[in-house]
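Participant: Next come the chains, spelled out residue by residue.
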Amino acid sequence: NAGVTQTPKFRILKIGQSMTLQCTQDMNHNYMYWYRQDPGMGLKLIYYSVGAGITDKGEVPNGYNVSRSTTEDFPLRLELAAPSQTSVYFCASSPQGGEKLFFGSGTQLSVL
Amino acid sequence: RKEVEQDPGPFNVPEGATVAFNCTYSNSASQSFFWYRQDCRKEPKLLMSVYSSGNEDGRFTAQLNRASQYISLLIRDSKLSDSATYLCVVNGGADSWGKFQFGAGTQVVVTP
Numbered sequence: 001n002a003g004v005t006q007t008p009k010f011r012i013l014k015i016g017q018s019m020t021l022q023c024t025q026d027m028n029h030n031y032m033y034w035y036r037q038d039p040g041m042g043l044k045l046i047y048y049s050v051g052a053g054i055t056d057k058g059e060v061p062n063g064y065n066v067s068r069s070t071t072e073d074f075p076l077r078l079e080l081a082a083p084s085q086t087s088v089y090f091c092a093s094s095p096q097g098g099e100k101l102f103f104g105s106g107t108q109l110s111v112l
Numbered sequence: 001r002k003e004v005e006q007d008p009g010p011f012n013v014p015e016g017a018t019v020a021f022n023c024t025y026s027n028s029a030s031q032s033f034f035w036y037r038q039d040c041r042k043e044p045k046l047l048m049s050v051y052s053s054g055n056e057d058g059r060f061t062a063q064l065n066r067a068s069q070y071i072s073l074l075i076r077d078s079k080l081s082d083s084a085t086y087l088c089v090v091n092g093g094a095d096s097w098g099k100f101q102f103g104a105g106t107q108v109v110v111t112p
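So the protein sequences, as listed, match chains A and B. Each residue of the first sequence is one higher than the one before, counting from 1 in my numbering. Each residue of the second sequence is one higher than the one before, counting from 1 in my numbering.
One or more hints might be untrue.
FRET-style restraints, in silico, Cβ to Cβ [what the hints assert, rightly or not]:
hint	chain 1	residue 1	chain 2	residue 2	range
1	B	Y51	A	Q108	28 to 38 Å
2	B	E56	A	L80	48 to 58 Å
3	B	Q31	A	D56	12 to 22 Å
4	B	S28	A	Q17	39 to 49 Å
If you are wondering where the hints come from, they were derived from the structure by calculation, not from laboratory data. The beta carbon of each residue, even a glycine, is placed where N, CA and C say it ideally should be.
Starting from the given sequences, assemble the full structure and let the hints guide the process.
Facilitator: This is the structure in structure tokens:
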């Protein structure tokens, strides 16, 4: 019962570096999401996808890119990392849009 | 105004006591509502969905008041293990289906 798997769990980047956060789900869910959570704040939606080949921006998409080539995978790409991107990132999936979310264990990212 | 607002707390609750707190939401077209539990920056986990008629799951009772646009969570007979941050999550209306809005969370601390 893997559910939603995120890698890596921790990462430190230097300003200007790039990286990809991986997210895979094995539940055949259509909807997938990327959120970031800053200390003392609620989760903010970065990007989401309603199915393979379809992605859309959330509240805070600047500095990020996503792709959804398969139902299972929804990687998040950070280009030119900035200190403002220091956060905890959560990937989530849902069978349909209004149903409960299943979360990955999160990635703690620091940009120094 | 934030889309979903919660009292951040902390609510300090003696073991065995009852605690209740609310969450207000701004989008009157919102369709689905949830309470999630989050422990110390780990991934949120679904506590319960909130139904129009109100619902109970063991010691936890959730209510929805559409007229006043708030949901509530009541915890009876509090256990030490109930110490966590409780996130209110609201699914958007017809124009934002599948885009969940998160509150910043209400911290509950259960003391011996």
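Participant: Hint by hint, note whether the structure agrees.
Facilitator: Okay, the hints, checked on the actual structure:
B:Y51 and A:Q108 have their C-beta atoms about 35 Å apart, which keeps the hinted 28 to 38 Å range intact. Remark: the range hint 48 to 58 Å for B:E56 to A:L80 is upheld by a beta-carbon distance near 49 Å. Roughly 18 Å separates the CB atoms of B:Q31 and A:D56, a value that falls within the hinted 12 to 22 Å. Separation of B:S28 from A:Q17 is about 44 Å and conforms to the stated range, judged on CB atoms against 39 to 49 Å.
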